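Number of protein chains: 2
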Amino acid sequence: MTRSKTPLTLDPAVLGALLDGAWAAERRRGRALVEHPDAIPPVTGDLDELRAATLRGVKALAESGATFRSLPEELGGANDHAGYVAAFEEAVTASPSLQIKAGVQFGLFGGAIQHLGNAEQHAQWLLPAQRAELLGCFAMTEIGHGSDVASIGTTAVYDPEEQEFVITTPFRAATKEYIGNAAAHGRAAVVFAQLVTAGVDHGVHALFVPIRDESGVPLPGVTIEDDGRKGGLLGVDNGRLSFDGVRVPRTNLLNRYGDVAPDGTYSSPIDSPGRRFFTMLGTLVQGRVSLDGAAVVAAKLGLDIAIRYGLERRQFTGADDTEEVVLLDYQQHQRRLMPLLAETYANGIAHEVLLESFQQVFSGTDDSDEARQVLETQAAGFKAVSTWSALDILQECREACGGAGFMTENRLTGLRSDLDIFVTFEGDNTVLLQLVGKRLLGDYAAEFKNIDFGGVARFIGTQAAEHSLYRSGLANVGRTIGEVLTPGLTERRIRSGRLQQMLLSARVDTMVAELAGNLRPAAKMSRADAAALLNENQHELIEAARAYIELLKWEALDTALHSLDDDPARADEAKALRRIRDLYGLTLIERKIGWHIMYGRLSMNRARQVGPTISRLCTKLAGNAADLVAAFGYGPEHRRATIAEGIEAERQAEAREHYRRARAQADHPVDEKVLHAARKTAARS
Amino acid sequence: MTRSKTPLTLDPAVLGALLDGAWAAERRRGRALVEHPDAIPPVTGDLDELRAATLRGVKALAESGATFRSLPEELGGANDHAGYVAAFEEAVTASPSLQIKAGVQFGLFGGAIQHLGNAEQHAQWLLPAQRAELLGCFAMTEIGHGSDVASIGTTAVYDPEEQEFVITTPFRAATKEYIGNAAAHGRAAVVFAQLVTAGVDHGVHALFVPIRDESGVPLPGVTIEDDGRKGGLLGVDNGRLSFDGVRVPRTNLLNRYGDVAPDGTYSSPIDSPGRRFFTMLGTLVQGRVSLDGAAVVAAKLGLDIAIRYGLERRQFTGADDTEEVVLLDYQQHQRRLMPLLAETYANGIAHEVLLESFQQVFSGTDDSDEARQVLETQAAGFKAVSTWSALDILQECREACGGAGFMTENRLTGLRSDLDIFVTFEGDNTVLLQLVGKRLLGDYAAEFKNIDFGGVARFIGTQAAEHSLYRSGLANVGRTIGEVLTPGLTERRIRSGRLQQMLLSARVDTMVAELAGNLRPAAKMSRADAAALLNENQHELIEAARAYIELLKWEALDTALHSLDDDPARADEAKALRRIRDLYGLTLIERKIGWHIMYGRLSMNRARQVGPTISRLCTKLAGNAADLVAAFGYGPEHRRATIAEGIEAERQAEAREHYRRARAQADHPVDEKVLHAARKTAARS
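Chains A and B are the protein sequences, given in the same order.
Position 420 (the first sequence) corresponds to 420 in my numbering; numbering is contiguous.
Position 547 (the second sequence) corresponds to 547 in my numbering; numbering is contiguous.
Derived by calculation from the structure, the hints in this document are not laboratory data.
The hints are all genuine.
Same chains, same label: a pair holds when it works inside one copy or across any pair of copies.
Straight line, CA to CA, 30 Å or less: simulated DSS-like cross-link-like pairs of lysine-lysine:
{"id": "1", "residue 1": "K592", "residue 2": "K438"}
{"id": "2", "residue 1": "K524", "residue 2": "K5"}
{"id": "3", "residue 1": "K5", "residue 2": "K438"}
{"id": "4", "residue 1": "K438", "residue 2": "K524"}
Source: prediction; values computed, not measured.
Make the full structure from the sequences, and use the hints.
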């Protein structure tokens, strides 16, 4: 079916306000960065040029003052963590390299000093860092250990005689790897190392370590290698750092969660080394929060470009011999792009919920353990799902634009290459979802051993409830698997929000309950057997985590939709959002429709409605596609893609005019025939 | 579950022989290209360098004599089309840019002259083309028309007075676009244009048009623009060509299927312009055939790299405190990679079937209309499914290698970027699957109108049978939808090949029958309504085509497996192939499991076995993963990825040795504790 011929009357600003959320003003400020003459690095060039240009962009961002927003008021900031992140995410519109290099400089390097350091360290290093005067690295990952940070090999051994730490890379696998700002621009690094004092290892801690002198030459004992060419983010100078007995003063330890006295005595406000480790890492959650948002920005840009092109580009005749069909009038084109548009709305609106959690915890409004755990679980899961989503979306957009989509000037391939590593850094997505899954199940290794099965079920119920901002439905885990959800099945309409929520949450419930059941014998097993049993359930654990995160995103969309309920002036926007929610929900249900049927959640009769309903929703939404991308709030200065700004329509008008004139001229009767014969042939192909 | 501890004893050469097929010798010759000093272009550099290096590689390929194999014997060739293609596909191991630039030069430019030209033209242009002395372009696609070639705007108007054709680009949308060899190296082009003589348009024909003089300067009337940077294939110099009244002699028309006499009289051995058009295009099917194979080569390289790394890389401890777990022992890692390995076996073995069809038709053994149609349908469908598959596989491999996968030196991102456009060029995959779907349904526009519904069902049965090398099961379309397939349901084991084939073919049957039913009213509709109805079924049509192609691939794998049936010495290889077939089959069934249940093909009880069976197959195959990739026949000279050649194991050994020595030295007791504490924490995360 061609696009809906009776589209809704939408005000993109109303939808834009929902998408941009509580920090809309900061978001718009971030978007305005593209106007700065240094903001947009060139798309191509050699590595040196790209890196230098990206650094200029980072400095432009610092100039704007945005990088101070998240600092405490006493340091000239606004204690506005979410506002800072919202503005910073929008730097993707300038370039993902800029956004990531800025993330390294301000979020990771500056952030580690802010969250792990003391007031003196803030004064000495944090302010110059946020001004982009002191350029630095975040040296955590090693070649041998990326996901498993606790097992890094770098050591910082305290020498009480000199009151110094000695930083050493004891073997090649302990080389710091993929470190942004290392290859060219960094003067210092926050180095994560196993802290050893008085012969005892206290686990991973962070130290401020100068790595280059004023002129950019590596300091004695510091070896720096350039990672060279990567699959994307060419403006970021990633490199390797290794240390051969590099000495730093005792006071270079970022000592908020662990300190060493001059005599070598270790102290920490947190007794458990495990808890200390996760608390330190937890302060760095901002990276995951901002990648979730940055992925949404990139997906929006991709869809904005592909949908604008899809509304102009024509190929093949359909209903008559001469008028070619607009791509977005093809059902398959709608089915390719509209569900991704709905997914982007879900990811975007859910991100605003994540920003709320983030602001609460980091501003101190609610920094309880529980609030932190909810934040960390959401950040991990949202980041994983959004970044994968962005890659799929950018690829589909690339393909939907055909050969034009492959041209660098149309941005899609560049955005996708740059976003590629988003699924790996700041926590590999698979590892992150496993983390979410384990939180849903409770800490298997530490807790399950001492609880009987009845207790496991209860434990899971409680744990999960802690991590859900909404009702995740996990309270229902006691139900027998396969039991019919009566309220769901009596809903007649597949577009009922209640039914969708029921299906999505029943799946999470059941999967978690099943997993708990499967893992029950682990309590009485040897460590090796228990590890094997957990491994046999790893795939299901990750699937359950994904289902849970998707439920949260669906619920965010549903909540946003209901915020328009009482305003008759926004009835059409509410209707559009309801279509978006339904398309998102039904797409999720369709992907696992076998599960919903097999577990008796969805009758076959109802299940058969899902596909056709998705097609109808796509057609309806396609009728409003222009408004739905206009709501993203981007202009040509953000898209910067030739094909998104009307060139197709211009060229088609020229061709039409040529054929019209040819028809009018007696001596060129041939042209009409050319077109006619060709199109007749094409229509038959 | 960790990898199977009781792997089969496999001889990679036995599996390799099946994968390499009938043209194994040519394939190995193609693989040996990497030994030529000019074969491997640099991975990075500016466009000029990359293009020049790629051209040297193309010349190296010509030097090897490989480019003559597909020529007829009288021109010094071997009439060995499949052998040529097999060798040429393997050029991907040198670089996809080389393969594609060679494809433009020898397959498209040379191929068009060979298949559309006459003996004199062969002598004049084909031999220098295949020696890479005369570099040329294949100028078909225009900015305004890519998929719909019949509607291109370029005209070639015959001028009987001068006995010349006048080539013109009448408006911007008619500019030839994305033309390989155009931006830098091409001296001539085969230009596709609407041929007009004596005031009558005869549709699209191809002409040989010089575009640059000896010194490389564009000829008068020829405008050449550089496409500049693309998302990949940077070694290929794509560009735009437009023509302002460029004159070529009458004898430059490649006149096999259409000629113009000196006085302007048009003649053709094929009366119908539509049939003529598709016959001309059909001679160029080699491009699609070779992309199918090239995609398989790229997927093999990716899996070879990622699986070798996955067998060495360790992260997190599991069963004990010190020994970290190898990635491929994680269930999720197995679930990520093993189904893709099975898919690659299916795509590779099915490609050999396609090569057989190709050789039959092009060598003249069987070039009946029916054989050509089967070939074209297979080529379109196989290419679409394999190229999408390659992109998914390369991305999953990239992610499975974490940060290391993102480094250019490890090849995965480069391969993926280069393969990206494979899903678009030589026929957009969506358009190709639609073509397959329409062939399955019969030519809707031309045929359906005159057939009643009973006839439609019969017609579809016959049509489809023509396109299936195997029994596609389409003979069953008469059955009522939902009817139980008794033979299937009495099979107890989900690993039964018979059951898998039944399920996969029943899905094709039913979808085609449903589509025919849905489209039935079109016979009596207006053109506009009929077009709308077809469009409403476009998504299902494409899904049906994909299901059909996947069935053919499954059947190719099944046939290959049974070729080992009678050889007890190859029992383990047969067992491994059976696991691969089952994993491929069950993965396809799992993706659409809702469908199989809803249509009563699979009981819920049986359906519940699918997921766990897939997991078990992944674990078993992981136990033989090293042999299964060794069967691809690639060495370090083809992979050229640092992480695939043992560096991880080396670094781990160093680290282990460091910790061992530290334990042995009384003054370094600390190190063991570091490791221990860290790993304990990690295990609890």
